[in-house]
Each structure stands twice: as C-alpha cells, then as structure tokens.
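Chains as they are written, first to last, in my numbering: chain V, 51 to 213; chain R, 345 to 443.
Derived from the structure by calculation, the hints contain no laboratory data.
Do not rely on the hints blindly, as some may be mistaken.
[Unchecked claim] Result set (DMTMM-like, lysine to aspartate or glutamate): computed pairs, CA atoms no more than 20 angstroms apart in a straight line:
1. R:Lys375 x V:Glu89
2. V:Lys201 x V:Asp191
3. R:Lys409 x V:Glu204
4. R:Lys416 x V:Glu154
5. V:Lys70 x V:Glu157
6. R:Lys409 x V:Glu154
7. R:Lys416 x V:Asp189
8. R:Lys416 x V:Glu160
9. R:Lys428 x V:Glu89
10. R:Lys438 x V:Glu160
11. R:Lys416 x V:Glu204
12. R:Lys416 x V:Asp151
13. R:Lys428 x V:Asp189
Here is how the chains run, residue by residue.
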Amino acid sequence: MNENNGQNGHIKKMMIILSKAGLENVYAAFVLANGARMEGIDAEVFFTFFGLDVIHKKKLNHLHIATVGNPSMNMPTLIGGLPGMEALATRMMKKEMEKVDMPEVPEFIEILKASGVKLWACKLAMDMFHYEKKDMYDDIDGILTVGDFYKKSEGTGVHMLFI
Amino acid sequence: MIAGKTIAVNEEGYLINFSQWDRTIGEELAKEASINLTPSHWNLINYIQGEYKKEIPLTIRRIGKSGVVDIKGLYQLFPMAPLKTATKIAGVPKPASCI
Chain V
51 MNENNGQNGH IKKMMIILSK AGLENVYAAF VLANGARMEG IDAEVFFTFF
101 GLDVIHKKKL NHLHIATVGN PSMNMPTLIG GLPGMEALAT RMMKKEMEKV
151 DMPEVPEFIE ILKASGVKLW ACKLAMDMFH YEKKDMYDDI DGILTVGDFY
201 KKSEGTGVHM LFI
Chain R
345 MIAGKTIAVN EEGYLINFSQ WDRTIGEELA KEASINLTPS HWNLINYIQG
395 EYKKEIPLTI RRIGKSGVVD IKGLYQLFPM APLKTATKIA GVPKPASCI
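Pulled out of the complex, with its shape left as it was, chain V reads as follows (with noise of 0.2 angstroms):
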C-alpha cells in the first residue's frame, strides 16, 4: 500500500482546479481533496476565478448554492432568481449536509490544511478581482501563475481536475 509510486496507473498526487464558488462545486472539489488524502493520495486545490471566494476571509462563511442555471434544482429560472431563493436553497442543503457529516466550508478548508492539502491562490484572478494576500484564508500555500501550477503537477501519477 505504501508503495504508491504512480506507476502502474496508479494515482499519486490530484490537481484540483476550481473555478466557482457555488456549494454545489466546492463541496465536490474538497471533498474529492480530502478522499485523495484519505487514500494516501496527495492532493492540492488552485482557486481560480470564482473559485478565489472560497479563500477570501470575508466570503468564505457566505457561500451559496447556485439556484440559477443549475436544471438539477427542478426550479424555473424565475423563481430561482427571486430574493432569498438561494439563501432558502443553502440552508436546505446545508441541513442535509449535517446529517451526513459534512462539515461547512470553513472547517472543511481546516481539516483540508491539517490533512495536508495544499491550497494556491491563481494570482492572475487574484489581480483581476483587485485582492491582496492579507484578503485571503491566512493558512494558503501562496499564489500561483498558471506556470507555477504546472511545474507543481510535474511527475507520474498526477492528474488534474477542472471544477
């Protein structure tokens, strides 16, 4: 079991890319980067975009679900687009989600840092959206150009994933 290599087909090391902040994709993004640790895989999360909301310090307690353009709420755009849709819709996730275990976004970022995922900030978003580092979750590994991302993917066994 040890012997994780990369060879073999085996997996080494998940690159996580996620672009969006809507609950629906962060949960799947962390919760495959705590699954990959949980396996005695390595794992690291690029935050791009949207994707940068899920480390910034002021709105990572306010995430939402997407109720707009998402055709698995069975809800008519209209009506998801009314005010308090998406709050009504998060809360009704976010209690499913107890039940299951699943911890809300601020510790899961926790037990990702503890369970030793690495977490990058995309500086070219970063720029873009006119955020410092003193703006995000204190605990990031840093802030990455595309380049440096790809030199950190470098190896067998890596592989990548867009969210």
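Starting from the known structure of chain V, fit chain R onto it as the hints suggest.
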C-alpha cells in the same frame, strides 16, 4: 494466518469477524502496514473499536472532534490512508463514508 492464528479476512485484508481480533493480531497487521505502534496509536485503535461497538460510522471529522487525536495528529500516526490503515489494524471494517 496472522500471529499464528487462522483469521478470516476479506480480499482487502480486513478482519471479517471482529471477535477474532486480539492485541497480537493488531501488532501483526501494523507490522504489515509498516506502522510502529505507540501508546497514541493504541488510544486511537481503542477509540475506533469503541465506536464500532456502538455502531457509529467513522468519519475524519468525527475523529478530529473525538479528543483522542486531531486530524494532523491522525496523519502523523498513520501517514498513508489513515482511517483505512487504522481500521484494518483495529480489526473493524473499512469506513464506508466519503468524508
């Protein structure tokens, strides 16, 4: 055969019947996983077995809140696949949760 006893295990090496587990079997399984068991390991193994007896499903979050070990500590005790390794040594089924 584990520690001189005939023990039923599944295809992944997990004990099928927890009642067949004893400390020497735990030690043998730890050796196979290249884990050197310390008192901290045993504390966690005892906790996992206690939860199993109470039929409470294991998650990383619950372990972190158990007071036995924090998540960082868990990965230090069992660096590769912590819950899978710890449950195998503890003689209980592999956790079925995704978190």
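Verification of the supplied hints:
1. R:Lys375 x V:Glu89: holds, 19 angstroms
2. V:Lys201 x V:Asp191: holds, 15 angstroms
3. R:Lys409 x V:Glu204: violated, 36 angstroms
4. R:Lys416 x V:Glu154: Since the Cα atoms of R:Lys416 and V:Glu154 sit roughly 19 angstroms apart, the hinted pair holds (cutoff 20 angstroms).
5. V:Lys70 x V:Glu157: holds, 19 angstroms
6. R:Lys409 x V:Glu154: This hinted pair holds, its Cα atoms lying about 14 angstroms apart.
7. R:Lys416 x V:Asp189: holds, 14 angstroms
8. R:Lys416 x V:Glu160: holds, 10 angstroms
9. R:Lys428 x V:Glu89: holds, 8 angstroms
10. R:Lys438 x V:Glu160: violated, 24 angstroms
11. R:Lys416 x V:Glu204: violated, 26 angstroms
12. R:Lys416 x V:Asp151: holds, 19 angstroms
13. R:Lys428 x V:Asp189: violated, 27 angstroms
Hints 3, 10, 11, 13 from the list above are not met by this structure, while the remaining hints are.
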